[in-house]
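Asks: So the chains spell out like this:
2 protein chains.
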Amino acid sequence: MSSLDFAPLLAAGLPPAAGKWNGSATYSFVGGNNDPDHVPVDGLIAAMSAVLKREGTTLSTYGLASGPLGYRPLREFLAQKLKRAAGITCTADEILITSGSLQALDLVNGILLNRGDTIITEAETYQGSLNRWTRLGVNAIGIPLDRDGMRMDALAAALDDLKQRGVRAKYIYTIPTVQNPTGTILPETRRLDLLRLAEQHGVPIFEDDCYADLIWSGERPQAIHALSKHGGVIHIGSFSKSIAPALRVGYIVAEWSLLSRMLPIKTDAGSGALEQMVLGEYCPAHFGAHVPALTRGLRRKLETMMDALNEQFGTAAEFDDPKGGIFLWVKLPDVVDTMKLYQAGLAAGVAINPGPEWSTDKSYSRSRMRLCFANPSHEAIRAGVATLAEVCRREFGVPDRIANVQQRASA
Amino acid sequence: MSSLDFAPLLAAGLPPAAGKWNGSATYSFVGGNNDPDHVPVDGLIAAMSAVLKREGTTLSTYGLASGPLGYRPLREFLAQKLKRAAGITCTADEILITSGSLQALDLVNGILLNRGDTIITEAETYQGSLNRWTRLGVNAIGIPLDRDGMRMDALAAALDDLKQRGVRAKYIYTIPTVQNPTGTILPETRRLDLLRLAEQHGVPIFEDDCYADLIWSGERPQAIHALSKHGGVIHIGSFSKSIAPALRVGYIVAEWSLLSRMLPIKTDAGSGALEQMVLGEYCPAHFGAHVPALTRGLRRKLETMMDALNEQFGTAAEFDDPKGGIFLWVKLPDVVDTMKLYQAGLAAGVAINPGPEWSTDKSYSRSRMRLCFANPSHEAIRAGVATLAEVCRREFGVPDRIANVQQRASA
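Protein sequences, first through last, are from chains X and C.
For the first sequence, this note's numbering gives the first residue as 4, with consecutive numbering after it.
For the second sequence, this note's numbering gives the first residue as 4, with consecutive numbering after it.
Honestly, the hints are just simulated from the structure, not real lab data.
All residues carry an ideal CB built from backbone N, CA and C; glycine is no exception.
Treat the hints with care, since some could be wrong.
Said to hold, decoys possible - Lysine-lysine pairs mimicking DSSO-like chemistry, simulated, CA-CA at most 27 Å apart:
hint, chain 1, residue 1, chain 2, residue 2
1, X, Lys23, C, Lys343
2, C, Lys86, X, Lys23
3, C, Lys84, X, Lys86
4, C, Lys84, X, Lys23
5, C, Lys232, C, Lys23
6, X, Lys56, C, Lys232
7, C, Lys343, X, Lys84
8, C, Lys56, X, Lys232
Stated by the list, open to error - Distance ranges between label pairs, derived from CB positions:
hint, chain 1, residue 1, chain 2, residue 2, range
9, X, Gln83, C, Arg150, 24 to 32 Å
10, X, Val170, C, Tyr367, 35 to 43 Å
11, C, Asp364, X, Gln83, 50 to 58 Å
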């Protein structure tokens, strides 16, 4: 007896089927995976035991004893931490805990975006955001960045152009503090310019601060949300990069009039309780010491990666020192097509994020790639970069072998 | 300086704004909250410590070391448990762990439903499913139930009617094992009828077994998924009712050809890791002893509720003894409008689920209500039912005061 064929029953417009999962590449420089050595396992165990002993029976209730905004002690921690670290003034009831910042993106988009709307973004940005705008049928206007982040002259021009066309952008999306993928930080003067331009054109700002805890210097500018004198800013963040990504805990900071519109479309009966409880217990006492230790470890991995790139690629790899975070944004010679390099690399066991998947400007990003240095060991970083250089040479003729031989000869 | 007004920027078609959360009603008989006395707190603490000590560093990677289907040990537990308890034969790779069964509903709907499609459901069913079909613009044809669940004569007639109209339903949604809200169990003969009718008409079956672990007799029929000889069945379940709802862990059992279409629309970078890890650690050793103990406790609460209803409402409250679970489905006299009773009850501190929110047939369900007995204490059940009776009498003149005076006089 044959099986029911589901094919004619499938919904219209589905993305292609997933392939089976084969594990990570041997040398995996993709995604936002974090440093396993810095997951605070013992601290999380202790925190989990304590909070479950005290409050474990509340697991019997959807929303625990805290309601749909999420576990109250975690929101209270965040309100204090955001004030201290970023200057944001908000109450615990102006924070919504989400299932990762991905859900934060979905909720903000869910209340603001219709098909055919226009948004403005840094031209190089988070792939997850780009994919969402594409799926939602939203036009994403990309603003070029320089070493200080989004260029305000280009933003002003884009806003003027939209005004002339009678189009009001739904928001300006920015990752201003350790930008993904470029690692830049938008200085305060530009933040004030951004606010002025946004207010002038009546466009909200959607501030994504997911990477903002990981700054080498520890000096974090005031959040755009904090600097605004006229509201108009929705701020999101995450614990994925400061604690661990598999936890899936993010948050939205916004006025109640917006959160009250998000809650009815957050139809999940609450985000996972254990993660919220353990972070609510762990963070007040430990977040402040944990993050600098993590950041120092990440900096060391970045240095290993930059050394490896210099050694293996020579002048063929150009990059600026990111101000923090877990990513390095690299420019290879124009002859390199990083989409093809990605495929060839995969076959050789090294995974990279090709630039065009991280930019609205496919030709600008054609020879660029994003590398995550947080997860692989120092040895794996070195071996992976060496493998990548070999693949790149084979496919594109760069880097030049002579430089490497010279390097090895003089080592 | 005034704030940016977001009102003109909001997306079209949003549900109304949420009100602020005021906590639960004093006597809360709503939702699927569970018995706090039976949350296995010590077991969860021990399991969490053990699994984090062993595998905590994997939190640094999206998807842990298991990939997008979810934490492998949990899937392996489920494959064994589903075989043992429900007769389902599947591998761990035919199981997708979801953020609660709500996400399972969303993923199945996401791959099968277009706006304007038709599905078939038990007429009384889970409100979360009803709301989803409404929001998706899907026609839900409700099939009446009797004491043995969905009526097969009515299903056959509905399928024939659709065939005549040239409409192919996308699935038959059933909660066959401890039905929500009626508490019935579809016997095996009807399951075979259902399969025969579904196959005859080329309609998949969507089997929701979220409450199936909680059967008083412990005797659970083979799942429809297990009985099928032609595939065509998608099976979902949850740990919300067997362990705790705040954990947000559900699962889908389906062939890879379907899971491979769901994964690309599960755009959350994974469901919460800690819940999956703790259940994967706790359940193999403890699930089998935990559930019967929980079930005995729930049965005692049901008896308290039935006694309280008999005492307070007399013959005005009609109900069948559910076969298990956490809900009681009650019929009040035809003069009672339970939507209004709900509002009046709320003002008096008692929350009920009014029937029309749990049925496709608003007139059939007009005087019915669903009561959850799992969460409130025995005392709260008695006091809450007494308060409800008082409110009902005040609003609708039933139950008759004489019966209660007689009851109290003879107590």
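Asks: Starting from Lys56(C), check that the Cα of Lys232(X) is at most 27 Å away, please.
Replies: Status violated; Cα separation ~47 Å.
Asks: Between the alpha carbons of Lys84(C) and Lys86(X), is the straight-line distance 27 Å or under?
Replies: Given pair Lys84(C), Lys86(X) is violated - Cα atoms ~48 Å apart, limit 27 Å.
Asks: With a cut-off of 27 Å on the C-alpha distance, tell me whether Lys84(C) and Lys23(X) pass.
Replies: holds (24 Å)
Asks: Confirm or reject the claim that Gln83(X) and Arg150(C) have a C-beta distance inside 24 to 32 Å.
Replies: violated (56 Å)
Asks: If you draw a straight line from the CA of Lys232(C) to the CA of Lys23(C), is it 27 Å or shorter?
Replies: This hinted pair is violated, its Cα atoms lying about 50 Å apart.
Asks: Using the C-beta atoms of Asp364(C) and Gln83(X), is the stated range 50 to 58 Å upheld?
Replies: holds (51 Å)
Asks: If you draw a straight line from the CA of Lys56(X) to the CA of Lys232(C), is it 27 Å or shorter?
Replies: Not satisfied, since the Cα-Cα distance of roughly 47 Å exceeds 27 Å.
Asks: Given the range 35 to 43 Å, decide if the beta-carbon distance of Val170(X) to Tyr367(C) lies inside it.
Replies: Violated: the Cβ-Cβ distance is about 50 Å, outside 35 to 43 Å.
Asks: Within 27 Å, alpha carbon to alpha carbon, are Lys86(C) and Lys23(X)?
Replies: OK: Lys86(C) and Lys23(X) at ~24 Å, within 27 Å.
Asks: Quickly compare the C-alpha distance for Lys23(X) and Lys343(C) to 27 Å and report which way the hint goes.
Replies: violated (52 Å)
Asks: Would you check the hint for Lys343(C) and Lys84(X), treating anything up to 27 Å between C-alpha atoms as holding?
Replies: violated (45 Å)
When the structure is compared with the earlier hints, violations turn up for hints 1, 3, 5, 6, 7, 8, 9 and 10 and for no others.
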